[in-house]
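Number of protein chains: 2
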Amino acid sequence: MGEFELLVKVRERLPPPGPRVRLGSGDDAAIVVPDGATATSVDVLIDGVHFHRERASLAQIGCKALATALSDLAAMGAEPGEAYVALGVPTDLDEDGCLKLLDGLAALATETGTTLAGGDVSRAPALTLAITVVGHAPAPERLVTRAGARGGDVLVVTGELGGAAAGLLLLESPEETRSSFAIHSDTKNERALDSPVGAALIARQLEPQPRLEAGKALADAGATAMIDLSDGLGGDASHLAAASGVGLRIDASSLPIAAGVAEVAATAGRDPLDLAAGGGEDYELLATLPAERFERASAAVGGAGLTAIGEAIAGAGVEIRLPGGGILEPAGFDQLS
Amino acid sequence: MGEFELLVKVRERLPPPGPRVRLGSGDDAAIVVPDGATATSVDVLIDGVHFHRERASLAQIGCKALATALSDLAAMGAEPGEAYVALGVPTDLDEDGCLKLLDGLAALATETGTTLAGGDVSRAPALTLAITVVGHAPAPERLVTRAGARGGDVLVVTGELGGAAAGLLLLESPEETRSSFAIHSDTKNERALDSPVGAALIARQLEPQPRLEAGKALADAGATAMIDLSDGLGGDASHLAAASGVGLRIDASSLPIAAGVAEVAATAGRDPLDLAAGGGEDYELLATLPAERFERASAAVGGAGLTAIGEAIAGAGVEIRLPGGGILEPAGFDQLS
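Protein chains in written order, with my numbering: chain C, 1 to 337; chain Y, 1 to 337.
Bound conformation, chain C alone (with noise of 0.2 Å):
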């Protein structure tokens, strides 16, 4: 397989390109004509660093290469425009196998109205993924930074947290857990699942979606300060309260836990609580916003679920406050990515 010949089959697959690209994949640099201000961001996935070939399928893990770089779009509110994948191809792979994993790439590109605008082919010693996506705002002072809350301020997430934590312990469990879930292997990359909260579960962890709607929605809103939870809800919202000089309370009676988590955790011998906080990978959006905001940021959003778990304060660091008055710590916890 020469890097040309993938790189024109790859090409014949891709979406049609999106209304700010003059010129896509297959010159010496794409062409794109920016709206007032970019957003961009670069993350690099690593075969048995970030993902596991064993436990996805290629479509999967192109999937959530790309969710993840654009979950850090989502967390800015910009709009998604274009990705660029540089992809280093194991000897084991083949170009049918590139193909895979970049039509699970393509599909959620095309789902997010982003444009595959341009890429690069190399062999290397494991499956590595570079993604660079740039997201788009009329202004820069739409985007909404990690620096913005201000004492006062709720702090709000989306969705639902520890879902993709406990995905991670179900795929790493033994047979006899998973069916306890009701959930078996068929083969090795495709996974046959009778329990619909299982299967939720695993798809949180191989499949995340990225919160670009709520992301907008969040900064249209006056969010003050947006953060995407993939280190974990501990650690992301310590990075929030640093880069803003505030420190955040969190309630932890109040955290929004996904269906099943309990139920996972306790087979496991683990805390809700801990998945919840510590677990990472949810890709959900951490945000503070004005009180009197909160109500029509939750109208915005919609869908996806907002759910207020505390607030900025004067000072410095998280404290995650337990419903008895203790103070959980979140334990580390080993990520999948």
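In this list, chains with the same sequence are indistinguishable; a pair is considered to hold if it fits within one copy or across any two.
Taking lysine to any residue and the SDA-like style, the derived pairs with C-alpha atoms no more than 25 Å apart in a straight line are:
#1 LYS100 x PRO125
#2 LYS9 x ALA242
#3 LYS9 x SER238
#4 LYS100 x VAL49
#5 LYS100 x GLY113
#6 LYS9 x ASP231
#7 LYS9 x GLY235
#8 LYS9 x ALA147
#9 LYS9 x GLY148
#10 LYS100 x LEU171
Derived from the structure by calculation, the hints contain no laboratory data.
Fit chain Y to the given chain C structure using the hints.
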């Protein structure tokens, strides 16, 4: 070495951001206010495929990775803007090594006015760099693609050819060959070179310079198509010819061959034209323009030098004509990247 700690140290060493950059590295995404159009390109480089750690210093590897990426912007006639660096770090590269590599990269960024606006770091089985560069232009039509050459256009090349291939031959040659050019190795990664010619050839291979100013000058002077010479004159000319739907006729005797290439080729039993036309990695620019614009373009390119080497004709493909009337078929050439 944690990812966060390394990124903090890297950020401390970055030169100040350029005027378009509103928010650099450290948030979910960088925020940039572009001009009218952007040119974006991504390159991935992996140890053992595109470079060899035993042949180049870490600073040279970082420098070359950015140079090859910026060369794509030069080939569009874009002004360099931002670079985003995804770094895969093997276990035998410590924090100090990472910083050396990034210092090499940052030095070229400073020299070219490129802002290192974002990045990601991961463990990896082999040293991996994926670099996305964004260039700017006032409007999309000011950028030069590969596709605009017309029959009758003069074909031009900047600078000199064959130097990078000759440098590679020197690096690969046994000590006694190198010493015939008065070149000797001091330590594994630092070469003391007594011969300015040999040193220049090795520098062409290990520290290529993107022709950013020449690219802008050619674009402003009315270049109809442009590409950078990464794969070699023969191959890259074919890409330009195919994209433009023209043939290219090249006069081999007019090729500007770098000083020392003939001597190195003779020692290696190679034809110097093979190195100049098939060697690649010179990162010079190949462009077409209306013949009456050649003088103006040559003056605008200035010190780098511009040579007319042939013409675009109706038809397809690339023909490199030898002085005796034969046709050169450039031999395939093993490239370092």
